[in-house]
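K.L.:
Taken in order, these protein sequences are the chains called A and B. All residue numbers for the first sequence refer to our numbering, where the first residue is 4 and numbers rise by one. All residue numbers for the second sequence refer to our numbering, where the first residue is 4 and numbers rise by one.
Think of the hints as simulated: they come from the structure by calculation, not from any bench. Treat each hint with caution, since some may be false.
For lysine to any residue, the following SDA-like pairs were computed, each having C-alpha atoms within a straight-line distance of at most 25 Å [as the list claims (entries may be wrong)]:
(1) 273(B) x 115(A)
(2) 173(A) x 39(B)
(3) 173(B) x 118(A)
Letter by letter, the chains look like this.
2 protein chains.
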Amino acid sequence: MSQENPDAAAFDRLQSLVAQDLERVNALIANRMVSESAPLIPELAAHLINAGGKRLRPILTLAAAQLCGYTGEHHIRLAATVEFIHTATLLHDDVVDGSDLRRGKASANRLWGNQPSVLVGDFLFSRSFQLMVETGSLEVLGILSNASAVIAEGEVLQLSTVNSLAEDDKIYMRVIRAKTAALFEAATQVGGVIAGAPSAQIEALARYGDELGIAFQLADDALDYGGATRRLGKSVGDDFREGKATLPVLIAYQNGDEDQRGFWRRCIEKRRQEEGDLEHALGLMSRHQALEKTIERARSHIAAAHSALSLFPESPMRQALEDVAGFVAARAA
Amino acid sequence: MSQENPDAAAFDRLQSLVAQDLERVNALIANRMVSESAPLIPELAAHLINAGGKRLRPILTLAAAQLCGYTGEHHIRLAATVEFIHTATLLHDDVVDGSDLRRGKASANRLWGNQPSVLVGDFLFSRSFQLMVETGSLEVLGILSNASAVIAEGEVLQLSTVNSLAEDDKIYMRVIRAKTAALFEAATQVGGVIAGAPSAQIEALARYGDELGIAFQLADDALDYGGATRRLGKSVGDDFREGKATLPVLIAYQNGDEDQRGFWRRCIEKRRQEEGDLEHALGLMSRHQALEKTIERARSHIAAAHSALSLFPESPMRQALEDVAGFVAARAA
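All chains, please: the whole structure from these sequences, using the hints.
P.N.:
Here's what the structure looks like:
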């Protein structure tokens, strides 16, 4: 894949710059998933954690610490913390969404039921706090506990607004900023904090993470409809079937005539869908360039992520972080 | 009630000793339940938090801090923290158990569905960590994050063992120590820690909380069958219907003949219950004095809780904490 796609190569380059640290993060994760009293915990957690996620968030923490010249040990713990929080939210998301699949495999709630998914999520969340406490940094604890609260708020807000077609994108942007970008932001920010970087650098890293996270979610939401090149894979249309008013839908809705708006209201707000609706939806998106405009929006956040790093001296790590921002949007282009 | 029952009067005395602090805790709880972006959060949280719980756990934190002569402000935050953790676990428990009722009212998952219950639980859990961080005490953060992990482990262990009849009480005791006593223990311990008490006092408070929590759960499990006086209320037999192998069941099973053991296996392990089974179960418990023995066990933990406090100089607060331990078992006597 890296050979074909220059942006995927950018991710590989970033990963190789933190490869040694990442191995230690993986070992720590494996070590801390263990529960003496409940063997079901590591079994279920491993299903998700080993399921081929890219470890993008913990890699960002490691990279941010390295960019700031950190030479200590705590970034390993923080990277594991970030991955645990992410995994806990995935477990709970799948329960909330009633998802059957996660990363192409049967989801944990499908295999073990909702009960252990809720409780193992709670366990991983607690473990993440134990790991943070071990860093001894109250500042880091503040950042990550705030991020966790913001993520939960975003998920609750999404719950009550996800099927609502709106005239503007305010609520949508608020939701993705909270449910996705908040953890990216905290992941990069704590890398700088633990390195004792000057506050301007820490702010720049937070900004980079926030913009990158927004771009990531925008790209994901375009990708759910096949992306700009309309690659039709197995999971195309999941958001449509669930009636999620993501940005591609909002753009097509906002630019549609009364007939088209009626179509979206029926499919998204009332969730009364018929055969052929997804194809019709894709046609309307094409007519209004909804996917192109979504990716364009992602690109503007990537440019902002890029420029946030400009205060750091040039280095292979800064270059890799800049390039990986491009990778995040290119997935959907 | 206080007039009739000397042990309930003990709880009132403890409550009145911390009444001013408790008002501030309640104000802080109300203040921190608010979420600007998701109004559903305070609505759902208030349903549970204002539902007439006794606030026993936060009261214990306030009392422990006061017993150690604390004059600062952080015990208010810690008491709210403890109540938030407790509420989060209740929300998730009700989802896991599929409960329709909580404290005699429709449960949150019944009224709003499982989705917001999971997510608002996550939010309250995050809020609890934000509150702890504000105390600036890494020791407190360590104790409460450990307790949270232990609680989750206990819940997962319970999930896989709750319908198992065993020849001994080891797993049962491990579960109740984790799912119930761990938070009591942390609640009293952090009161001592925040007061800067000597380590012997902190250990004594932790011991008191642990023993009290075990006694509390034992009494609860006896109460579910009407307690020693077999008061038959609306909720008698809930544990039986759910096939929970609590101590009263284990005692009756362990002391039963082959016929009786077959009855318990059918009702608890296979959960094939028929009309009249609860009455038969109560008869077997009576024959084997299962409820009396459960309460006796609770009393021995209360005695241990009592004696843990002996290193503190005599005071109205020490007296109230000793007496409230009696109250915890007397509920079921």
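K.L.:
Against this structure, judge whether each hint is valid.
P.N.:
Each hint tested on the structure:
1. 273(B) x 115(A): 19 Å, holds
2. 173(A) x 39(B): 14 Å, holds
3. 173(B) x 118(A): Roughly 23 Å separates the two Cα atoms, so the pair holds.
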